[in-house]
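Engineer: Listed below, chain by chain, are the residues.
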Amino acid sequence: ETGVTQSPTHLIKTRGQQVTLRCSSQSGHNTVSWYQQALGQGPQFIFQYYREEENGRGNFPPRFSGLQFPNYSSELNVNALELDDSALYLCASSTSGSSYEQYFGPGTRLTVT
Amino acid sequence: AQSVTQLDSHVSVSEGTPVLLRCNYSSSYSPSLFWYVQHPNKGLQLLLKYTSAATLVKGINGFEAEFKKSETSFHLTKPSAHMSDAAEYFCVVLISNFGNEKLTFGTGTRLTIIP
Numbered sequence: 116e117t118g119v120t121q122s123p124t125h126l127i128k129t130r131g132q133q134v135t136l137r138c139s140s141q142s143g144h145n146t147v148s149w150y151q152q153a154l155g156q157g158p159q160f161i162f163q164y165y166r167e168e169e170n171g172r173g174n175f176p177p178r179f180s181g182l183q184f185p186n187y188s189s190e191l192n193v194n195a196l197e198l199d200d201s202a203l204y205l206c207a208s209s210t211s212g213s214s215y216e217q218y219f220g221p222g223t224r225l226t227v228t
Numbered sequence: 015a016q017s018v019t020q021l022d023s024h025v026s027v028s029e030g031t032p033v034l035l036r037c038n039y040s041s042s043y044s045p046s047l048f049w050y051v052q053h054p055n056k057g058l059q060l061l062l063k064y065t066s067a068a069t070l071v072k073g074i075n076g077f078e079a080e081f082k083k084s085e086t087s088f089h090l091t092k093p094s095a096h097m098s099d100a101a102e103y104f105c106v107v108l109i110s111n112f113g114n115e116k117l118t119f120g121t122g123t124r125l126t127i128i129p
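Each protein sequence line maps, in turn, to chains Z and C. Just so you know, we're using the working numbering here: the first sequence kicks off at 116 and counts up by one. Just so you know, we're using the working numbering here: the second sequence kicks off at 15 and counts up by one.
These are calculated hints, taken from the structure and not from any lab test. Quantities reported herein were computed from a predicted structural model and do not represent experimental measurements. Heads up, a few of these hints could be off.
Cβ-to-Cβ under 7 Å is the rule here; a few derived chain Z residues that face chain C [to be verified]:
no.: 1; residue: P123
no.: 2; residue: F160
no.: 3; residue: P221
If you want the footprint, here are the derived chain C segments under chain Z, 3+ residues with CB under 8 Å [what the hints assert, rightly or not]:
no.: 4; region: 38-44
no.: 5; region: 86-99
Ideal Cβ placement from N, Cα and C applies to all residues, glycine included.
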């Protein structure tokens with residue numbers, strides 16, 4: 116069974132730039148959720164994708180957007196990066212649009228300078 | 015609105031002594047509650063989950079939690095701490111809204127184990 120993987124592990128961007136983060140879901144899982152974890156805080160829900168459509172969204176501005184592909188992998192895109200976007204971005208996979216039993220990836224550490 | 019509050023931001027215990035990490039929840043109905051652990055530079059791992067089947071829930075690595083409705087609590091315990099338990103622990107509630115589900119995390123408790 117393949118676990119959740121994320122890429123890249125780390126990256127550094129400049130304010131105003133755009134970034135794309137990638138997530139491959141666990142084998143057999145068709146739902147991907149994205150979370151932002153700022154330093155010293157708990158993860159905050161960004162959005163969830165199920166069957167290639169957004170299936171719920173947290174309190175994040177539209178410059179945070181996503182995609183899910185037919186193989187259930189997913190991308191998180193952030194436009195017009197701000198310094199406060201610096202965080203660990205976690206993705207989690209599950210089944211059937213549920214958040215009940217999620218399996219998390221190791222995360223991508225984004226630093227915005 | 016459903017939420018969780020972790021009462022301690024940092025807990026330190028000696029190796030071999032009991033661990034208690036406290037969590038209170040707020041919910042108008044019986045919630046689904048979880049504890050997740052995050053080791054440094056690693057992703058989140060599910061320790062245990064409560065879904066109203068039994069009030070005492072056993073998880074991995076010797077951890078357990080008891081759901082107490084009268085106290086609106088879901089504290090995490092372990093009889094004997096091990097050095098490998100040092101990590102950040104999150105109490106989490108599952109929120110359902112018109113078919114959409116999301117996890118809402120507490121602010122976390124950092125557990126330090128003293129040799």
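Engineer: Against this structure, judge whether each hint is valid.
Structural biologist: Comparing the hints with the structure gives:
Checking P123/Z against chain C by beta carbon gives a least distance of about 14 Å; that is not within 7 Å, so the hint is violated. Because the closest C-beta pair between F160/Z and chain C is about 4 Å apart, less than 7 Å, the hint holds. A least Cβ separation of about 4 Å between P221/Z and chain C falls short of the 7 Å threshold, and the interface hint therefore holds. Evaluation of the coverage hint for the region 38-44 of chain C: breached, as 0 residues show C-beta separations to chain Z shorter than 8 Å, against a requirement of three.
Only residues whose beta carbon comes within less than 8 Å of a beta carbon in chain Z count, and the region 86-99 of chain C has 0; fewer than three means the coverage is violated.
Of the hints listed earlier, those the structure fails to meet are numbers 1, 4 and 5, in rising order.
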